[in-house]
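Colleague: Spelled out, the chains give:
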Amino acid sequence: MVTYLIRRLIGLIPALAWITVISFAIIHLAPGKPTDAAGAFNPKASLEARQRLEKLYGLDRPIPVQYLDWLGRTLRLDFGRSFLDDRPVIEKIQERLPITLLINSVALILMLGLCIPLGVFAAVRPDSLWDRCTTVWVFLGYSIPSFWLALLCMAYFGVHLHWLPISGLYSLDHDWMGPIARMMDIAHHIILPIGVIVFVGLAGLSRYVRSSMVEVLQKDYIRTARAKGLSERRVLFHHGLRNALLSIITILGLSLPDLITGSVIMETVFSIPGMGRLFYDAVMARDYSVIMALVTIGAILTLFGNLLADIAYAYTDPRIRVGTALTEC
Amino acid sequence: MSLLRVDDLSVCYQTGDQKVLAVDQVSFSIEPGEIVAIIGESGSGKSSLALAITRLLPRSSAQICARRILFEDTDLLEASEASLRNIRGGRISYVFQDPSSSLNPVLTIGEQLRETILTHTRCRKSEADPPSLEWLRKVGIPQEHLRLSAYPHEFSGGMQQRVMIAMAMASRPALLIADEPTSALDVTVQVQILRLLREFQQRFGLAILLICHDLLIVRRLAQRVMVLYQGRVVETGAVNHVFEQPAHPYTRRLLEARAYLSGPLK
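Residue numbers (my numbering), protein chains in the order written: chain A, 1 to 329; chain B, 1001 to 1266.
Keep in mind the hints are simulated off the structure, nothing from the lab.
Note that the Cβ used here is the ideal one computed from N, Cα and C, for glycine as well.
Some clues are possibly wrong.
Okay, the calculated bits of chain A under chain B, using three or more residues with CB under 8 Å as the criterion [what the hints assert, rightly or not]:
1) 222–232
2) 308–318
The calculated lysine to aspartate or glutamate pairs, modelled on DMTMM-like cross-linking and capped at a C-alpha distance of 20 Å, are [unchecked claim]:
3) A:Lys219 to B:Glu1111
4) A:Lys219 to B:Asp1098
5) A:Lys219 to B:Glu1180
6) B:Lys1138 to B:Glu1111
7) A:Lys33 to A:Glu54
8) A:Lys33 to A:Asp85
9) A:Lys219 to A:Asp317
10) A:Lys33 to A:Asp60
11) B:Lys1019 to A:Asp127
12) A:Lys44 to A:Glu54
13) A:Lys33 to A:Asp281
Just chain B, with the same shape it has in the complex (with noise of 0.2 Å):
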């Protein structure tokens, strides 16, 4: 049974008299422990999908339908507002694009990262702190002992990054939804918070949906992709497939226009 099953998910946007379909009757399942990726240029959907699922986006503006969102068992678009904050940041985690405004300020890293723990697990607020400093190191930040009373800006942006992975593992979900998780990160940083990403789903069976717009990203980690375009899927598949024989002449435009960035700029 898949993890998680979207059946003709559309969102739309009111903003006054206006009506925007973000979103238009998107399927799609994932596997446990599979890492699949969506792609498409900006604006075409991909985070309003990611923020759908388990219902984020703000109730005043945006308008969810869909004929089910089933995920292990539960279907979300039914779920009590209790069960589902059960779900967000327990079975269901979200790491943002651009972490140094994901976390936040006035909050010690500690803080935020003991808040998730003690939301999500049966722990004590004294018994918070050593699978707090546990999924520090697991992240990669060196001499966390000294990092539960820092603060966000003192860290770089591969390091807030980091802990929003760790924030995100520490309630050890069974689906992380990453969107777009290194765009705002320099090149050598992005390998690494990648491997990271991929460390995870190998360890813990993760599954991963992936939101992502770097094509090569996605062909070295994804199994399978999605191609959206102006909020629908126009193709979806094996990675591998998808990259060399591209069906829908979008997926192949998007294809080409990798190409150009290997030439020299001019």
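Chain A with its partners taken away, still in its complex shape (with noise of 0.2 Å):
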């Protein structure tokens, strides 16, 4: 198992070298460079100052040797400093990542915790009242645009009632709290935007529990543990769960990355300073630096996920176990 995995893991370096390549051409052929703010937006910039100021970013040299510069300097963890505001840019992502991985954290554990009881619920008696109230949630879900819903919360939960705040992560007096207020202040705030994760996030996901389940329950050794006498909770959780779960733990690997490259449009409706906005921003201004740190940091992160997902399915289901990771030990 041990050297399946390491094998696995150096198998993940080209497809991880080739996502920077990528990533690293397309920043750099669109238009606009991030002196711009500073040189060509600029009259009073004379041609010669804008060209000292590239020089100076290195932005003048071809683009592989900026590339392979990039590189360099990344594998030893340097991701460099902002050509906004000059800080180091692991700095900015330290900052940030608390605030987006305690968010999206929550939802997700909300999500998971939600969707198999009302996945399988409607699994079980498909075309009952609970299932087709989930099917209109599911649609409702789907189709609404999580800003609109989100914007409709605000307007009813903080204007509307004031029982929720509309924006931001701290109320005005936050920096006089103590810290138990503080903390019930961050989490005043996060309740709204949480929520419409999970609403929306969550009608995905029971209904792939719900038909991976709908599935699970037709097959023959469903009929043999009822014909054993089993109740059917045992026939539902411990035979037909099991097996169910294997199509949803491939899509929770591929979750891993939301946790922290976080949602940019969420963020931004709700003014919170997390990795979506930093993202958002760094893009805007053609931040180069910033850009590549949270593409490379997110493509090692979905790598990971996928890894991830494939030993979860090993340990469930044993005929892969089996059939791939023990022969190729």
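Quick one: dock chain against chain with the hints and give me the complex.
Modeller: Rendered as structure tokens:
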């Protein structure tokens, strides 16, 4: 198993290298440079001054050279400094990461905890009232644009009912609060964004659980389990769900990077200073070093999430364990 | 008194607006320790009948009605869900057609075997291993102590069916319903499985309801036979009698159909 893991990890390296090459190329193909704000958009800046600025940042060299330079620094875990405010990129990420991580992990845990019972109950009685209600809700969750739902929730729970704050993370008097009150304040602020993320995400996820559960419940071994006289609960959760979860593991593995990259739309609508906003602002300012850092981290997490899903898969499905993992060892 | 007595059992499937009558007023009885075979072509309602006895058919699509299904003094039609569960796998066990899909792929053989024992006997979790091993040995699985932690896909089809039989027998049922237990297996394995069933019938006084479309097997194994055609019993009687003097034209055609197979294939 260990050799298998090492081999898989080494296998990720070429994929990762290609991702960085392609994203580096695309960013540089896009019109505009990080120096434009100070240079091209500034009528007082002379051509000579602009060229000096580009030379300072190393932007005058050929792109492959710039890439190799970036690669060399990144391999030493140095993501460079932001073009925008000259602060280390790592520092900017460290500042944003906890917020995004908090919101998205709470949302993911809630989604997971809810999607399984929702999907299973819908699968047990297809076409029941409960199943139809969840179907309607799934269509709503899929088709309502999340920013619009967010705005509606803000208008109703925030402006109309005055229950929840509508934007930001902190109240005005946050700095004067005690530690517990501060936590409560943040919790109060993230209820709405988490609620919207969960509502929208849960729709699809519970549908996945439902459809794979419906499929599993028609299998012969479910009939065997019933013929053995097992209770319905044991049939569903011991014999059924274990098989149905196989298809959900893949989706979970793929949603791992979402934990960290964050949602640009949600963070913009709710004015949350998270990773999504950082990325959006960086793209708009052509802040190459921040963009590349975020893309690389996202790529690593995506590949890692895939690997994790494969491993989890092997643990739940003995056929795969023997088929690939063990024989490859 | 009969072990199982079925009176006027009908099974009806509802698909959309259509109603399909799969089993039409079938009555029969099985005595303790007897092997009764049901023969008929595919689609004649054999499997529906087998599943309907312990009401295993999906309630959403299948309707069962009968005057009564009397099993050891219990009317299965009126039995509560809890007492039905005690009978299923406890007093009436099933062996199904395709063992490779009838065993749960993500649970070990041991887990699946222990489950029957724990559900139907007074046995603590820690005490379930010895009887599991014993049943694996009785169904003829070599090196049984290594097999409890194996998964179904590591077994051949014949071995899987042996595990299914061990699972069915572990609760010492009075009636085994074998729904085409050998049609998914190759011929040499078929014989072994059938021998095993007969051995258990003789050793434990087990009654078997054998659903089968192989007339040779029926003739060698069963004492009585029912011929099912389009959901109805068209003929019933002692095996030798039915095979030698078939009364119903369908039975005659069924017996003639076998004759083609003994001739050369063109």
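Colleague: Look at each hint and say if it fits the structure.
Modeller: Results for each hint:
Proximity of the region 222–232 of chain A to chain B, defined as three or more residues with a beta carbon under 8 Å from a beta carbon of that chain, is established by the 9 residues found. Only residues whose C-beta sits within less than 8 Å of a C-beta in chain B count toward coverage, and the region 308–318 of chain A has 3 of them, enough to reach three; the restraint holds. About 18 Å separates the Cα atoms of lysine 219 of chain A and glutamate 1111 of chain B, which keeps this hinted pair within 20 Å; it holds. Straight-line distance between C-alpha atoms of lysine 219 of chain A and aspartate 1098 of chain B comes to about 11 Å, which keeps the hinted pair within the 20 Å bound.
Taken as a hint, the lysine 219 of chain A and glutamate 1180 of chain B pair is honoured in the structure, with Cα atoms around 17 Å apart against an allowance of 20 Å. For the given pair, lysine 1138 of chain B sits about 18 Å from glutamate 1111 of chain B by alpha-carbon distance, which is consistent with the 20 Å threshold. A threshold of 20 Å between alpha carbons decides the hint, and for lysine 33 of chain A with glutamate 54 of chain A the separation of about 9 Å falls inside it, so the pair holds. For the given pair, lysine 33 of chain A sits about 15 Å from aspartate 85 of chain A by alpha-carbon distance, which is consistent with the 20 Å threshold.
With a C-alpha separation of about 16 Å, the suggested pairing of lysine 219 of chain A with aspartate 317 of chain A holds against the 20 Å cut-off. With a C-alpha separation of about 11 Å, the suggested pair lysine 33 of chain A and aspartate 60 of chain A falls inside the 20 Å cut-off, and the hint holds. Annotation: proposed proximity of lysine 1019 of chain B to aspartate 127 of chain A holds, straight-line Cα distance about 19 Å (limit 20 Å). About 16 Å separates the Cα atoms of lysine 44 of chain A and glutamate 54 of chain A, which keeps this hinted pair within 20 Å; it holds.
Restraint check for lysine 33 of chain A and aspartate 281 of chain A: the C-alpha separation of about 14 Å stays at or below 20 Å, so the hint holds.
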